[in-house]
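With chain A held as given, fit chain B onto it using these hints.
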Amino acid sequence: MADQILNKIYVKVWRQNSPKAKGRFETYTVENVSQGSSFLEMIDILNDKLILDGKDPIAFDHDCREGICGMCSMYINGHAHGPDTEVTTCQLHMRKFHEGQTIVIEPWRSAAFPVIKDLMVDRSAFEKIQQAGGYVSVNTGGVPDGNTILIRQEDAEEAMDAAACIGCGACVATCKNSSAMLFVAAKVSQFAKLPQGKIEAKKRAKAMVAKMDELGFGNCTNTGACEMACPKSISIAHIARLNREYLTARFSD
Amino acid sequence: MSSFLSASIGRKFLMSLTGLFLVSFLCIHLTLNLFLTFDDSGDLFNQAAHFMATNPFIRVMEPLLALGFVIHIIWSGLITLDNMRARPQKYAYGDSLLSWWAPSKNMFILGALVLTFLVIHIMNFWVKMKLTGDPLLTNVTVGGVEMHNAYALVSALFRNPLYDLIYVLGGILVGLHISHGFWSAFQTIGLSNQIWISRLKTVAVTIGVVFGVGFSYIPLYFLIKF
Numbered sequence: 011m012a013d014q015i016l017n018k019i020y021v022k023v024w025r026q027n028s029p030k031a032k033g034r035f036e037t038y039t040v041e042n043v044s045q046g047s048s049f050l051e052m053i054d055i056l057n058d059k060l061i062l063d064g065k066d067p068i069a070f071d072h073d074c075r076e077g078i079c080g081m082c083s084m085y086i087n088g089h090a091h092g093p094d095t096e097v098t099t100c101q102l103h104m105r106k107f108h109e110g111q112t113i114v115i116e117p118w119r120s121a122a123f124p125v126i127k128d129l130m131v132d133r134s135a136f137e138k139i140q141q142a143g144g145y146v147s148v149n150t151g152g153v154p155d156g157n158t159i160l161i162r163q164e165d166a167e168e169a170m171d172a173a174a175c176i177g178c179g180a181c182v183a184t185c186k187n188s189s190a191m192l193f194v195a196a197k198v199s200q201f202a203k204l205p206q207g208k209i210e211a212k213k214r215a216k217a218m219v220a221k222m223d224e225l226g227f228g229n230c231t232n233t234g235a236c237e238m239a240c241p242k243s244i245s246i247a248h249i250a251r252l253n254r255e256y257l258t259a260r261f262s263d
Numbered sequence: 222m223s224s225f226l227s228a229s230i231g232r233k234f235l236m237s238l239t240g241l242f243l244v245s246f247l248c249i250h251l252t253l254n255l256f257l258t259f260d261d262s263g264d265l266f267n268q269a270a271h272f273m274a275t276n277p278f279i280r281v282m283e284p285l286l287a288l289g290f291v292i293h294i295i296w297s298g299l300i301t302l303d304n305m306r307a308r309p310q311k312y313a314y315g316d317s318l319l320s321w322w323a324p325s326k327n328m329f330i331l332g333a334l335v336l337t338f339l340v341i342h343i344m345n346f347w348v349k350m351k352l353t354g355d356p357l358l359t360n361v362t363v364g365g366v367e368m369h370n371a372y373a374l375v376s377a378l379f380r381n382p383l384y385d386l387i388y389v390l391g392g393i394l395v396g397l398h399i400s401h402g403f404w405s406a407f408q409t410i411g412l413s414n415q416i417w418i419s420r421l422k423t424v425a426v427t428i429g430v431v432f433g434v435g436f437s438y439i440p441l442y443f444l445i446k447f
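Line by line, the protein sequences give chains A and B.
Just so we're on the same page, my numbering is the position in the first sequence counted from 1, plus 10.
Just so we're on the same page, my numbering is the position in the second sequence counted from 1, plus 221.
Don't take every hint at face value.
Stated by the list, open to error - Okay, derived cross-link-like pairs now, EDC-like style, lysine to aspartate or glutamate, Cα gap no bigger than 20 Å in a straight line:
{"id": "1", "chain 1": "A", "residue 1": "Lys106", "chain 2": "A", "residue 2": "Asp171"}
{"id": "2", "chain 1": "A", "residue 1": "Lys213", "chain 2": "A", "residue 2": "Glu224"}
{"id": "3", "chain 1": "A", "residue 1": "Lys242", "chain 2": "A", "residue 2": "Asp71"}
{"id": "4", "chain 1": "A", "residue 1": "Lys106", "chain 2": "B", "residue 2": "Asp316"}
{"id": "5", "chain 1": "B", "residue 1": "Lys311", "chain 2": "A", "residue 2": "Glu36"}
{"id": "6", "chain 1": "B", "residue 1": "Lys311", "chain 2": "A", "residue 2": "Asp132"}
{"id": "7", "chain 1": "A", "residue 1": "Lys208", "chain 2": "A", "residue 2": "Asp171"}
{"id": "8", "chain 1": "A", "residue 1": "Lys22", "chain 2": "B", "residue 2": "Asp316"}
{"id": "9", "chain 1": "A", "residue 1": "Lys221", "chain 2": "B", "residue 2": "Asp316"}
{"id": "10", "chain 1": "A", "residue 1": "Lys18", "chain 2": "A", "residue 2": "Glu36"}
{"id": "11", "chain 1": "B", "residue 1": "Lys422", "chain 2": "A", "residue 2": "Asp73"}
{"id": "12", "chain 1": "A", "residue 1": "Lys65", "chain 2": "A", "residue 2": "Glu41"}
{"id": "13", "chain 1": "A", "residue 1": "Lys106", "chain 2": "A", "residue 2": "Asp54"}
{"id": "14", "chain 1": "A", "residue 1": "Lys18", "chain 2": "A", "residue 2": "Asp71"}
{"id": "15", "chain 1": "A", "residue 1": "Lys127", "chain 2": "A", "residue 2": "Asp73"}
{"id": "16", "chain 1": "A", "residue 1": "Lys22", "chain 2": "A", "residue 2": "Glu109"}
{"id": "17", "chain 1": "A", "residue 1": "Lys65", "chain 2": "A", "residue 2": "Glu36"}
{"id": "18", "chain 1": "A", "residue 1": "Lys127", "chain 2": "A", "residue 2": "Asp71"}
{"id": "19", "chain 1": "B", "residue 1": "Lys326", "chain 2": "A", "residue 2": "Glu237"}
{"id": "20", "chain 1": "A", "residue 1": "Lys208", "chain 2": "A", "residue 2": "Asp132"}
{"id": "21", "chain 1": "A", "residue 1": "Lys30", "chain 2": "A", "residue 2": "Asp132"}
FYI, nobody ran anything at the bench for these hints, they're computed from the structure.
Isolated chain A, as found in the complex (with noise of 0.2 Å):
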């Protein structure tokens, strides 16, 4: 079946200058858009024409358009990444829109991601974390042989599910408290789950929620918005995995 054409959305968008500058949204007309058409590629139509009409083109994230960067951070109609559950906005579709819609998109609204420019904001907060001990640090050797290092196949299914995380801010985004607790908790978990990870396991957690605690992140109050937002499902789950290694951590001390 061919896609259908909307004739005409509005666009109602959150325009900043800069960091420092007054936000403000502006509405946008968009005429002739295929049901077919991705999210971001609405929007760089929308761009081309104000581009020819000698305006400001809006400023959003982009980068693979296949799901798996994490950068298209947008909050639309009242959901991060959309309407549509399991995507990125880069892999929504205007299907997902009808005709005559207005559609309302605004930054990721959290202290620990200040707005850049219109739709960007700066994530390098989740960077920090990362950097506060997201990573293995011990010598593993070089490439082992197949099994050489046994691997229960749940813990391997689970310390995977952890690592799709691709760090967008969905969770930060949608929960009320602006929490980071999922994101920390799928790094700290994808390590958790695996004899390489486990030497430094305490050490991360601490560090990674000293880091979060800093950074101006609010407190988890287990809603469970973040996994429903999860463009990759991630669970809840692991967030009871890092308040485990965390308190056990702190108590071992």
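Then chain B, alone, in the frame of chain A:
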């Protein structure tokens, strides 16, 4: 240790422990209160109240309970303030992943309402029984032991429909608060995983319903019966 109690997980750990402690108190409280509905002469409830007032273990636990409430309330304020600071600019379009009434989203408001109820509740009973006394609070002799007629105080209060309404609401609010708080506490302590998360959620909702229905049943019993 002070750094632990100011860290995000440390503070929530304290909320969880005090919360579970308060749930254990509510279990005893509800059990004893249900005696009100088993024996309309009031003897059974008076004996239970007398036991609680004189039992040395309960006497020791009373200040601990107060401390539990104080810590739970103060830390909830600290955490909520912190959470509000984490998002200085709100979304224009809000969020709709969780429904507006979801207890998990409204724990602070539910807690504040429960606290308001608690103040009324303490004024109604604890203050009269322990401090000021009340004309209704005469002494009765049950099984050869002299004790306060706490039953008279309760049954008189519950003849007022306004108080019945307040107590029914109080019961429902506590139930809603616990329907999220109970499993959330286990999650924060780290005693949860992929399998147990749904089990704990079911247990939490069950406990919430038991508390909600149980505490609301007592004033309704008095309202309908008398």
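What's the verdict on lysine 127/A and aspartate 73/A, does the C-alpha distance respect the 20 Å limit or exceed it? holds, 17 Å
Restraint status (C-alpha distance of lysine 65/A to glutamate 41/A at most 20 Å): With Cα atoms ~17 Å apart, lysine 65/A and glutamate 41/A stay inside 20 Å; holds.
Hint consistency between lysine 30/A and aspartate 132/A [alpha-carbon to alpha-carbon, up to 20 Å]: With a Cα-Cα distance of about 13 Å, the restraint between lysine 30/A and aspartate 132/A holds, given a limit of 20 Å.
Are the Cα positions of lysine 242/A and aspartate 71/A separated by 20 Å at most? Given pair lysine 242/A, aspartate 71/A holds - Cα atoms ~19 Å apart, limit 20 Å.
Is the hinted pair lysine 221/A and aspartate 316/B satisfied, with a Cα-Cα distance of at most 20 Å? violated, 27 Å
Does lysine 18/A pair with glutamate 36/A here, judged by a C-alpha cut-off of 20 Å? holds, 16 Å
Within a Cα-Cα threshold of 20 Å, do lysine 106/A and aspartate 171/A meet the stated pairing? Outside the cut-off at roughly 27 Å; violated.
Within a Cα-Cα threshold of 20 Å, do lysine 106/A and aspartate 54/A meet the stated pairing? Answer holds: lysine 106/A to aspartate 54/A is near 18 Å, not above 20 Å.
Against the 20 Å threshold, does the CA-CA distance of lysine 422/B and aspartate 73/A hold or violate the hint? violated, 39 Å
Regarding the pair lysine 22/A and glutamate 109/A, is the alpha-carbon distance no greater than 20 Å? Status holds; Cα separation ~15 Å.
Checking one constraint from the list: CA of lysine 18/A to CA of aspartate 71/A, max 20 Å. Satisfied? violated, 25 Å
Has the given pair, lysine 311/B with aspartate 132/A, been kept, meaning a C-alpha gap of at most 20 Å? OK: lysine 311/B and aspartate 132/A at ~17 Å, within 20 Å.
In summary, the structure is inconsistent with hints 1, 9, 11, 14, 20 from the numbered list given earlier, while agreeing with the others.
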